[in-house]
Amino acid sequence: EAQVTQNPRYLITVTGKKLTVTCSQNMNHEYMSWYRQDPGLGLRQIYYSMNVEVTDKGDVPEGYKVSRKEKRNFPLILESPSPNQTSLYFCASSPVPPGGPEAFFGQGTRLTVV
Amino acid sequence: GESVGLHLPTLSVQEGDNSIINCAYSNSASDYFIWYKQESGKGPQFIIDIRSNMDKRQGQRVTVLLNKTVKHLSLQIAATQPGDSAVYFCAEGSISSGSARQLTFGSGTQLTVLP
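Chains as they are written, first to last, in the numbering used here: chain A, 1 to 114; chain B, 1001 to 1115.
Treat the hints as calculated values from the structure; they're not laboratory data.
A hint or two may mislead.
To be verified - To give a feel for the contact side, a few chain A residues facing chain B, derived at Cβ under 8 Å:
#, residue
1, 8
2, 40
3, 41
4, 45
5, 48
6, 58
7, 61
8, 63
9, 64
10, 95
11, 97
12, 100
13, 101
14, 105
15, 107
16, 108
Computed from a predicted structure; not experimentally measured.
Even for Gly, the Cβ is constructed at its ideal location relative to N, Cα and C.
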C-alpha cells in the first residue's frame, strides 16, 4: 500500500530538548516536504527536498533542520524546540512537480512544546 | 510573498444540496491549482487539480472552475453528503518560475453538511 508514515503521531516535549520527527515513503517519490498547520493559517511549508542530498527552505524554515540521505526518508529535526513550534506537522511526498493526484500526506504529528 | 486565500472560513450546507467553496489567489505565474480535503485527524487528500490553461475540470461529483481574469478558483461539490464534511484547501504551484518546487496553500474552509 502506498503511504507516507510519520512518527510519532503525538509528542509532548520541553523547551530546548532536541527531537526528530521521522517521515518515510514507499513510492520512490523524488519530492518530499514538511508542512506545519496552525489554526487559520493553513499549511505552511518548512523545508522540501527534490531528491537525495537536495534540500531547500520553504516559507517557515527557522528553527528546523532536515536531511535527505536516502530517497525514502526525510526526517524533521528541531535542535532546540520552543513553544512557538507547537503545531501539527505533515510530511508529504510526490513526483516532481509537487502536489497532484500522486501526492501523499502522512497522518500528521501533533507536537506540543512546553 | 504570494498568497492563496479563501473568502469564507466556514460553510454549512444541507445534505443533498450543492456546495461551492471559493479561493482567491494572487500569483499570476501559477501553473496549476489543487483542491485538497482534510478530514479530522488525517492528512490532506487530493481531490482534483486544474492547469492554468483550463477554465473547468470535472471529476466525480466535483467540478473546479478557474477564472484567471479575477484570479479566482472554486470547488463545486454536487449532492453534498455527510462524508463531505471536512476542511477544504486550495493550493497553487508553478513549474515555470523560480519557486517551482513549492506548493502554497490557502487557509482552508470548513464544510459542514447538515442532515
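> Can you give the numbers of the hints that this structure goes against, from lowest to highest?
Replying inline: 1, 7, 8, 9 and 10
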